[in-house]
Amino acid sequence: MTPERRQRVEQLFAAALDRDAESAAQWIAREAADDPAVREEALSLLASHSRAGAFLERPIAESAPDLLADETPLASGATVGAYTIVREIGRGGMGHVYLASDARLGRAVALKALAPHLVRQPSHRERLRREARAAAALSHAGICTVFALEEIDGALYIATEFVDGRTLREEIDSGRRPAVDEIVRTAREIALALAAAHARGIVHRDLKPENVMRARDGSLKILDFGLARLTEPADGARAALTFVTDAGLVVGTPAYMAPEQINGGEVGMPADVFAFGVLLYEFACGVHPFGGASPLAIVARVLDSDARPIESRRAEVPDGLAAIVARCLQKAPGDRFRSAAEIVEALRAAEGAVAAPRARHAAWWRAHQVAITIVYLAAAILAWQFKEWVETPITVGVFLALGAAATVGGVLRGHLVFTERLNRARLAVERRRTRRALSAIDIAMAALLVGDAAWIAPVRALAALFALSAAVAIVLASLVLEPATTAAAFGDDA
Amino acid sequence: MTAHADQPPAAQELAPLVYDELRRIAAAYMRRERPGQTLQATALVHEAYLRLASAGTPWHDKRHFVGIAARAMRQILVDRARARGAQKRWAGLDRVTLTDALAAATSEAAMLPALDEALTRLEKVDAAQARLVELRYFAGLSIEEAADALAISPATVKRRWALARAWLFRELSDSPA
Numbered sequence: 000m001t002p003e004r005r006q007r008v009e010q011l012f013a014a015a016l017d018r019d020a021e022s023a024a025q026w027i028a029r030e031a032a033d034d035p036a037v038r039e040e041a042l043s044l045l046a047s048h049s050r051a052g053a054f055l056e057r058p059i060a061e062s063a064p065d066l067l068a069d070e071t072p073l074a075s076g077a078t079v080g081a082y083t084i085v086r087e088i089g090r091g092g093m094g095h096v097y098l099a100s101d102a103r104l105g106r107a108v109a110l111k112a113l114a115p116h117l118v119r120q121p122s123h124r125e126r127l128r129r130e131a132r133a134a135a136a137l138s139h140a141g142i143c144t145v146f147a148l149e150e151i152d153g154a155l156y157i158a159t160e161f162v163d164g165r166t167l168r169e170e171i172d173s174g175r176r177p178a179v180d181e182i183v184r185t186a187r188e189i190a191l192a193l194a195a196a197h198a199r200g201i202v203h204r205d206l207k208p209e210n211v212m213r214a215r216d217g218s219l220k221i222l223d224f225g226l227a228r229l230t231e232p233a234d235g236a237r238a239a240l241t242f243v244t245d246a247g248l249v250v251g252t253p254a255y256m257a258p259e260q261i262n263g264g265e266v267g268m269p270a271d272v273f274a275f276g277v278l279l280y281e282f283a284c285g286v287h288p289f290g291g292a293s294p295l296a297i298v299a300r301v302l303d304s305d306a307r308p309i310e311s312r313r314a315e316v317p318d319g320l321a322a323i324v325a326r327c328l329q330k331a332p333g334d335r336f337r338s339a340a341e342i343v344e345a346l347r348a349a350e351g352a353v354a355a356p357r358a359r360h361a362a363w364w365r366a367h368q369v370a371i372t373i374v375y376l377a378a379a380i381l382a383w384q385f386k387e388w389v390e391t392p393i394t395v396g397v398f399l400a401l402g403a404a405a406t407v408g409g410v411l412r413g414h415l416v417f418t419e420r421l422n423r424a425r426l427a428v429e430r431r432r433t434r435r436a437l438s439a440i441d442i443a444m445a446a447l448l449v450g451d452a453a454w455i456a457p458v459r460a461l462a463a464l465f466a467l468s469a470a471v472a473i474v475l476a477s478l479v480l481e482p483a484t485t486a487a488a489f490g491d492d493a
Numbered sequence: 000m001t002a003h004a005d006q007p008p009a010a011q012e013l014a015p016l017v018y019d020e021l022r023r024i025a026a027a028y029m030r031r032e033r034p035g036q037t038l039q040a041t042a043l044v045h046e047a048y049l050r051l052a053s054a055g056t057p058w059h060d061k062r063h064f065v066g067i068a069a070r071a072m073r074q075i076l077v078d079r080a081r082a083r084g085a086q087k088r089w090a091g092l093d094r095v096t097l098t099d100a101l102a103a104a105t106s107e108a109a110m111l112p113a114l115d116e117a118l119t120r121l122e123k124v125d126a127a128q129a130r131l132v133e134l135r136y137f138a139g140l141s142i143e144e145a146a147d148a149l150a151i152s153p154a155t156v157k158r159r160w161a162l163a164r165a166w167l168f169r170e171l172s173d174s175p176a
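Those protein sequences? They're chains W and C, same order as listed.
Going by numbering that gives the first Met the number 0, 235 is the number at position 236 of the first sequence; the sequence numbering is gapless.
Going by numbering that gives the first Met the number 0, 136 is the number at position 137 of the second sequence; the sequence numbering is gapless.
I should point out that these hints are in silico values taken from the structure, not numbers from a laboratory.
Glycine included, every Cβ here is placed at the ideal spot set by N, Cα and C.
All the pointers check out, no bait thrown in.
Computed cross-link-like contacts, EDC-like style, restricted to lysine to aspartate or glutamate with a CA-CA straight-line distance of at most 16 Å: (1) C:Lys-157 / W:Glu-9; (2) C:Lys-157 / W:Asp-17; (3) C:Lys-61 / C:Glu-46.
To be clear about the criterion: a stretch of chain W counts as covered by chain C if any three or more of its residues have a C-beta under 8 Å from a C-beta of chain C, and this derived list gives those stretches: (4) 4-12; (5) 36-45.
Counterexamples of contact, computed for chain C against chain W with all Cβ distances above 10 Å: (6) Pro-15; (7) Glu-46; (8) Leu-49; (9) Thr-119; (10) Ala-126; (11) Asp-147; (12) Ile-151; (13) Ser-152.
Please build the complete structure, drawing on both the sequences and the hints.
Right under this line is the structure:
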């Protein structure tokens with residue numbers, strides 16, 4: 000665009016701002032009717048202007064002061080009290096985290112230097128001590144142990160067990176999707192650790208893949224238990240997000256917040272349950288269940304939309320596990336598991352259901368599929384015989400239709416049997432996909448048989464009766480037998 | 000100062016100096032900050048100016064200094080945001096209407112690297128507008144202060160500011176999702 004035309008856009012835009020919103024666009028359209036490019040540019044800028052809200056109106060240094068004041072990290076070899084810094088291993092909203100060695104006990108610790116603005120207020124410090132004490136009381140193999148809260152030269156440090164490994168975030172970002180048994184094992188380990196904390200009334204509040212480490216030996220450890228609270232306002236009740244706008248700090252991670260957490264409501268164990276669901280979903284599928292282009296889009300979807308079912312992204316996720324994740328992701332806290340202990344229980348039940356009984360009864364289900372396929376064939380042969388006896392367009396048509404239906408139905412059922420034998424994890428999805436088609440085929444075949452029987456009855460009454468009974472057999476098998484054998488084999492009638 | 004008035008030192012030579020000073024003052028401020036107070040970007044720039052000017056640092060004039068400080072603030076903050084890996088989590092302003100508070104909370108720091116790139120594009124289209132954004136958003140100058148620093152009328156600042164905001168908002172909204 001030439002400078003002259005750009006200038007014209009600017010003039011139109013500026014003049015439009017003096018008009019009321021409705022007439023401004025019309026005015027631009029009229030004024031710049033001769034130059035569509037100028038008109039479109041001015042209209043587009045006007046539209047952006049009306050949507051921009053308070054965009055950029057607050058200086059960044061005021062809305063994110065920690066960004067500016069972020070102090071230089073401690074160098075390797077520096078000493079802080081009894082600790083010697085080895086290296087920086089991370090940084091987050093709470094401050095820098097170092098690998099350090101504790102001279103008194105000669106052990107490696109993770110030393111978290113809390114950002115100064117978190118601990119300015121005495122009430123804040125007091126609460127921090129309380130929370131650290133509660134967190135230190137947690138002793139579980141799946142939880143990173145808090146050793147001490149240290150006050151050194153007016154600054155606060157939290158010393159915790161050092162977990163050498165990588166976070167689930169890194170595993171998720173690596174792009175490798177875990178196998179089903181790995182998903183189940185991960186779910187169980189995290190749920191057990193979470194349940195141990197919940198049993199003591201301690202809520203994590205900021206469970207996310209960044210806060211779960213897989214140690215080199217493969218075991219999982221949850222980090223920062225109960226510490227999320229430290230970064231909330233001292234008056235407690237108000238949402239973390241309110242604090243964000245007061246002090247310009249992002250507290251908690253919006254993408255892992257339960258709806259009630261985003262809305263500033265009561266945050267309890269169900270919020271951890273929700274975060275667990277999001278985490279597990281992301282671990283299994285590599286994408287966020289309420290995936291959106293930006294944190295804001297995710298927050299909006301967490302509040303308003305349902306998650307896309309996990310089994311639609313990873314078909315091999317067992318039904319039981321999929322149901323657990325779906326329940327964790329419910330909007331209303333009351334619709335989720337009340338605590339992690341309930342998740343542990345549900346996981347156990349789901350694993351039990353996957354194991355023994357299904358394998359035993361699947362044989363009946365297979366026998367059913369084969370038997371129905373044979374009935375399909377018999378029906379087709381019967382129709383062929385009718386056509387031989389009385390060759391009219393109708394009997395020929397019925398034979399062709401029955402033959403086609405028998406072929407399709409037989410192939411679908413064969414496909415299910417093969418899937419069950421060879422790719423068991425995929426079966427639930429395949430059953431869902433074919434269920435309607437199979438019901439429709441059963442009904443259609445029964446109807447065709449009845450029609451054919453009525454046509455042939457005057458000539459061959461006995462054969463007509465046989466066709467009728469085959470029709471009844473197909474309908475009954477479809478409506479009564481199949482749900483029963485399916486339920487016996489897979490624990491549902493889907 | 001007069002000795003340097005004819006040949007003001009280049010901005011890039013002075014930027015590191017201003018950068019360090021701004022960071023030092025901000026850090027000290029954060030340590031002593033009292034509840035209810037918020038960091039004022041303009042006060043920060045002003046204090047840095049007083050310190051550096053009294054130390055005899057060669058500024059053309061305060062306007063010159065403010066321009067460099069705004070640029071330095073942009074560099075500091077964008078670098079910090081980048082160091083935090085912010086760009087990985089941010090992929091465009093959202094069109095969903097939520098409160099501005101929420102928007103600021105979830106994406107402001109994360110937005111900086113993308114904003115910086117958009118600002119670089121704006122520089123090519125209209126450098127004066129990009130300068131204005133640095134003064135207003137990074138150095139926290141009011142409309143009147145910015146008018147003074149750029150030697151133009153407040154009405155012009157207001158107009159350009161509205162345009163720059165709309166332009167940048169559009170750039171960031173159109174980021175690939």
